[in-house]
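If you read the sequence shown in the numbering used here, its first letter stands for residue 706, the second for the next number, and so on.
By construction, these hints were calculated from the structure, which means they are not laboratory data.
Remember, predicted model here, so these are calculated numbers, not experimental data.
For glycine and all other residues, C-beta sits at the position ideal for the given N, C-alpha and C.
It is possible that some hints are incorrect.
Okay, the calculated beta carbon distance ranges per label pair [what the hints assert, rightly or not]:
| id | residue 1 | residue 2 | range |
| --- | --- | --- | --- |
| 1 | 771 | 808 | 48 to 54 Å |
| 2 | 769 | 740 | 41 to 47 Å |
| 3 | 707 | 765 | 20 to 26 Å |
| 4 | 749 | 714 | 17 to 23 Å |
| 5 | 714 | 741 | 23 to 29 Å |
| 6 | 746 | 772 | 34 to 40 Å |
| 7 | 782 | 874 | 25 to 31 Å |
| 8 | 851 | 774 | 37 to 43 Å |
| 9 | 874 | 746 | 32 to 38 Å |
| 10 | 714 | 738 | 19 to 25 Å |
| 11 | 775 | 809 | 46 to 52 Å |
| 12 | 935 | 746 | 19 to 25 Å |
| 13 | 777 | 757 | 17 to 23 Å |
| 14 | 906 | 771 | 46 to 52 Å |
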Amino acid sequence: MILCATAASLGLIHTAIGPDHYLPFIVMSRARNWSLAKTSWITFLCGLGHVLSSVILGLLGVLIGIQVMKLEALEDFRGSIAAWLLIGFGFAYMIWGLHRALRNRPHVHTHAHDSDGRHMHEHSHTDEHTHVHDGQKATLTPWILFTIFVFGPCEPLIPLLMYPAAENGLWATALVAAVFSITTIGTMLTIVLVASWGVSFARLGRLERYTHALAGATICISGLAIQFLGL
């Protein structure tokens, strides 16, 4: 029971203090205009992949008898890979967003009419014509995030929870891992949905066309914070 309470506390704290657990979903939801239902589903799948990768690794370690120090080293290596993937994806998405914003620069057209004279209106071609490539990127983006989160480890799970619980048997280990996983995913969903709902009301004016670039920059900075600041 003590370990289960600790698992719930660590799941909550570990997620809340790690912006990489929720910022990518918040900014991508805003940039891609995802519904709350779609945002929830993507966040849940990525969170599930995030915790299951560490749970499976921890269970294998307990069953095979791998020393906890070796698993910690493997988790650190996976964390480094996830951070660099986050940096690379964020940077690439930022560049694509800047290119899209520049291509989508609003401009003015003047029209002449016999009865009404001349009038002008401002528009942008990219917003008026949806390209199939944009749709493909929208479909691909959730799977990229899922892959990144599968590589991302739950650092406290194995050494602080699963290995101590293993002294009470495999079922105790599975129970502690389940409590940690449910708390982690639940915290991710809560933060993402509340923040996404709030951000949906934000109006950026002329910066609106840069939402993709801003989303990519935010994700890239999150990865840099993980890799170099240990957040």
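Structure-based check of each hint:
no.	hint	in the structure
1	771 with 808: 48 to 54 Å	holds, 51 Å
2	769 with 740: 41 to 47 Å	holds, 43 Å
3	707 with 765: 20 to 26 Å	holds, 25 Å
4	749 with 714: 17 to 23 Å	holds, 22 Å
5	714 with 741: 23 to 29 Å	holds, 28 Å
6	746 with 772: 34 to 40 Å	holds, 38 Å
7	782 with 874: 25 to 31 Å	holds, 29 Å
8	851 with 774: 37 to 43 Å	violated, 29 Å
9	874 with 746: 32 to 38 Å	holds, 34 Å
10	714 with 738: 19 to 25 Å	violated, 36 Å
11	775 with 809: 46 to 52 Å	holds, 50 Å
12	935 with 746: 19 to 25 Å	violated, 30 Å
13	777 with 757: 17 to 23 Å	holds, 18 Å
14	906 with 771: 46 to 52 Å	holds, 49 Å
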